[in-house]
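Given next are the chains, with one letter for each unit.
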Amino acid sequence: MTDILEYKTVTESEVGAWIKVAAVADFPANGGVCADHKGLQVAVFNFSRRDEWYATQNLCPHKKQMILSRGMLGSSGEEPKVACPFHKQTFSLKNGNNLNGDHCALATYPVKVEEGYVYVGFKN
Amino acid sequence: MEKIIVIGNGMVGYKFCEKLRSKATKEQFSIKVFGEEPHPAYDRVHLSEYFSNRSVEDLEMAPRSWYVENDVELITGELIVNIDRENKVIKSHTGLEESYDKLILATGSSAFVPPIKGSEMQGVFVYRTIEDLEAIIEYSKHSKKAAVLGGGLLGLEAAKAMLDLNQETHVIEFASRLMPRQLDQAGSDALKYKMEELDVNIHMNRNTASILGEDKMTGLEFTDGQLMAADMLVISCGIKPRDELAKQCGLEVGHRGGIVVNDHLETTDKDIFAIGECALHKEFIYGLVAPGYEMAEVVADRLIGGDEKTFESFDMSTKLKLIGVDVASFGDALCENTPHKPIVFEDSLEGIYKRINLSEDGKTLLGGILVGDAEAYGMLLQITLNGMALPPSPEDLILGSRGGESADMELPDTAQICSCENVTKGDICKAVVDNNLEHVADVKSCTKAGTGCGACSPMVADIFNAQLKSMGKTVKKVLCEHFDYSRQELFDLIKIKGIKSYDDLLDAHGSGDGCEVCKPAVASLMASIWNELILNQDTIQDTNDRFLANIQKGGSYSVVPRIPGGEITPDKLIVIGQVAKKYDLYTKITGGQRIDLFGASVNQLPDIWEELIEAGFESGHAYGKSLRTVKSCVGSSWCRFGLHDSVSFAIEIEERYRGLRSPHKLKSAVSGCRRECAEALSKDFGIIATELGWNLYVCGNGGANPQHALLLAGDIDSETCKKYIDRFLMFYIKTAEPLNRTSTWLNKLEGGIEYLKQVVVGDSLGIAADLEREMDFMVETYKCEWKEVVNNPELRKKFSHFVNTEIPDPTMQFEDFRGQKKPVDWDKELVESK
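From first to last, the protein sequence lines stand for chains A and B.
Heads up, the first sequence stops at 182 in the working numbering, and the numbers go up one at a time, no gaps.
Heads up, the second sequence stops at 816 in the working numbering, and the numbers go up one at a time, no gaps.
Any given hint could be a false lead.
To be verified - Negatives, chain B to chain A, calculated, CB over 10 Å: (1) 52; (2) 179; (3) 185; (4) 197; (5) 198; (6) 328; (7) 463; (8) 464; (9) 496; (10) 513; (11) 536; (12) 656; (13) 731; (14) 789; (15) 796.
To be verified - Derived DEER-like restraints, expressed as beta-carbon distance ranges: (16) B:455 - A:109: 40 to 46 Å; (17) A:71 - B:286: 55 to 61 Å; (18) A:181 - B:795: 35 to 41 Å; (19) A:74 - B:120: 57 to 63 Å.
Honestly, the hints are just simulated from the structure, not real lab data.
All C-beta atoms in this analysis are idealised placements derived from N, C-alpha and C, irrespective of residue type, glycine included.
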């Protein structure tokens, strides 16, 4: 269980390994899936309405549950966000910041799509 | 043209420029303002928001373009170091010289740093400017544990910031209370409890002797010899007026700091004024923004030739939201030296503390304290400020109404609603009438009410709504920023235009990308109109609808098969037992006469349901906003008092409305006689047998806000009863706001139950046939959602935890509890062990 604390935002320039998560077709439109990478759970979102992809930690920082991939996507003004299914706290998909301000931010990961497959960038 | 120079571009310095410009023509005055920070004035009250949204622009009082448009010359990054009063010239650190006719000192304050040994070390910060915050953010990347010195308003704000930076956070307070100027001991205790719940550690009665470490700080030593390790320290012990310029040029300053001013805010030099936190008025420094704004107003008024306006002492009431904890104190909160009679409400379970101080004759409100629930703040402040008469039972003010009558009080027009911008109720009402306002947001731009600290926003909205209503206008309740329509309008749009997908609706009638408010609301509308399979649009559903099960603690789900009327055969009971055993599920008989199976992982759901459906069960809709159970007693078939067969009728009703999506969940019950064993009067619709047939009651509610159902029709036969329920439910579904239960809906319905009777029984609107037809459509098109999923491999695939492996979530954890399993408690240690 202590593994779940080790979420650190990865920026595009820090990526050491692009991990193939799933085919684009495995993603619901405007929804997320959860991917496992060496025991680390990452929520990967297909924001198809904006034609954008995002990845964050799957752990809800409020109650420490692995559920963010089941969250609902949306926007506040221009900011794309995900609402946690537990208590509807919302987080920016761009930088992981908590838009309700009550709890800490999410770690975020870069995502790329190549030849029909979705990849998430990790340090290793 | 008179030359005005403002030294200091903080909130108050900016506000002065704004006020002077709005009062006088550009030909009357030239205005030049100097700020030593690199940014134009920003909202220091909301500085902590910088942590969650690191944008200086969002905090700015006005963009640089405002200064240009308003002919205010703004010079940032320039520190004024000298005032030559004789020649009326100021000089900056770069050697810049400017002459003035009138000089405004709005130099504010700096953080007060108590003389503690070691405060110059690395890792010690104050909490004052954006630059301070940036340094704190940077340092926190290598820090795990932060101490905050000072348990006052600012200190608790800083503690929130530390929590946002993932620090183990400790607040150290010298006094025996948190926010000692605003709270009494019990209020402080309640706040301490709330803060500790959020993982902020609070240490009272701690006097810090020295900061430990070599170059970098490593901890604190207290005067009692105790030590505390910490990687960083944020000092927020109060403010120190920035009066060094005043001292340099020989203006009088207080012996503990602050530029002495009279009621006109003049310093000892008639051409120099001081406003805001640098000013000492009648031996008092005001550390809030509202009095600073008032000072700016008085000086601006004086400069254009008014001399009636003076600065009086200022109300220091305050409300804030700390890490989600409401705290407010108003008027004479502590009444330390005033004879008074307090009324206190304390709920230590919830961490709520409320106290109001009444005058000795019990006739006026002197002040009070609210912790944990500060909803009443706006009204209580108004009653205090305006000396309004109290209701007959003053305890209602903090206990809320308990007899259905609310303690609504009419405010006088002179009541000051927004103290930051000095806006009265009369100003708001006038703005609504004069400008024909339609949105509450326009009140802000017209009057500036609510643009300061924002505490008055709920009150502004209430006044706005009441004013519109008194003008005979309807108050438009739009769903959210993405749709400029009410729920009812969207219902009509979807139906009339035949829209079946959320995206189509958003494209045609909305904007942006939607959100967690409008998506489920639209999903519910579409379900109520088209009754199509919920999973056709699974990503707009609330999580419980999306997975056709309630998400529970630990991320597991509950499985609830329908047991209509609570009647079940032994064979079916055995199946439930076998399934529960096979999948290791916790079982419980619920208040709604069903059996809940808890602790299934998302990938187990289709398999579990396959077995249940095989045995003849169907989805119980214990998820989503839909009909739950129709509870029943045993009725005339077994009970010696029973008048009719309540069980058969309950089953018939439950099967008729199963799966019906509505603005909120629906519950029902049928009792076989007036003994009411099924508790039908606490349900959204309840049926009680009479000698002559059934009595139908509607809009009751159990739960947190109990309300008895009211009689809609008496002594009716079964067919009539179902007809009336059809009409009633459909009317509710079409007109209620999202998440309003029937009781709330009825309470807001103009004309109340009598009007509802006219519509449902009397068909006064001529829509009864339509409502019945719409309900018939819902009944005919019903399909068990779980049956659809179980038989569809594509849909089954949606029920997995990982996309790239078959295993369930390995972090789900259960423990043994009275011979069954339960999820382990919310893991607090995880945060602390970091």
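Quick rundown of the hints versus the structure:
With a closest Cβ-Cβ approach of about 26 Å to chain A, residue 52 (chain B) is found to remain outside the 10 Å limit, as its non-interface label requires. Every C-beta of chain A lies more than 10 Å from that of residue 179 (chain B), the closest at about 12 Å, which supports listing it as non-interface. In this structure residue 185 (chain B) is separated from chain A by more than 10 Å, as the shortest Cβ-Cβ distance comes to about 22 Å. A cut-off of 10 Å between C-beta atoms confirms that residue 197 (chain B) is not in contact with chain A; the least separation is 27 Å.
Look at residue 198 (chain B): its CB is around 23 Å from the nearest CB on chain A, clear of 10 Å, so calling it non-interface holds up. In this structure residue 328 (chain B) is separated from chain A by more than 10 Å, as the shortest Cβ-Cβ distance comes to about 25 Å. Residue placement check: residue 463 (chain B) does not keep its beta carbon more than 10 Å from all beta carbons of chain A (closest about 7 Å). With a least CB separation of 8 Å from chain A, residue 464 (chain B) falls inside the 10 Å interface cut-off, contrary to its annotation.
Listed as a non-interface residue, residue 496 (chain B) fails to keep its Cβ farther than 10 Å from every Cβ of chain A; the least gap is roughly 5 Å. No beta-carbon of chain A is positioned within 10 Å of the beta-carbon of residue 513 (chain B); the least distance is around 22 Å. Here residue 536 (chain B) does not stay apart from chain A, with its beta-carbon only about 7 Å from theirs, under the 10 Å limit. A cut-off of 10 Å between C-beta atoms confirms that residue 656 (chain B) is not in contact with chain A; the least separation is 42 Å.
For residue 731 (chain B), the non-interface assignment is confirmed: its Cβ lies about 28 Å from the closest Cβ of chain A, beyond the 10 Å cut-off. The Cβ of residue 789 (chain B) sits about 8 Å from the closest Cβ of chain A, inside the 10 Å cut-off, so the non-interface label is violated. No beta-carbon of chain A comes within 10 Å of the beta-carbon of residue 796 (chain B); the shortest separation is about 13 Å. With their beta carbons about 41 Å apart, residue 455 (chain B) and residue 109 (chain A) fall inside the hinted range of 40 to 46 Å.
Distance hint check for residue 71 (chain A) and residue 286 (chain B): the Cβ-Cβ separation is about 56 Å, which falls inside the suggested range of 55 to 61 Å. Under the hint 35 to 41 Å, the C-beta atoms of residue 181 (chain A) and residue 795 (chain B), about 28 Å apart, miss the expected range. The hint said 57 to 63 Å for the Cβ distance between residue 74 (chain A) and residue 120 (chain B), and at roughly 24 Å that hint is violated.
Hints 7, 8, 9, 11, 14, 18 and 19, counting from the list given before, are not met by this structure.
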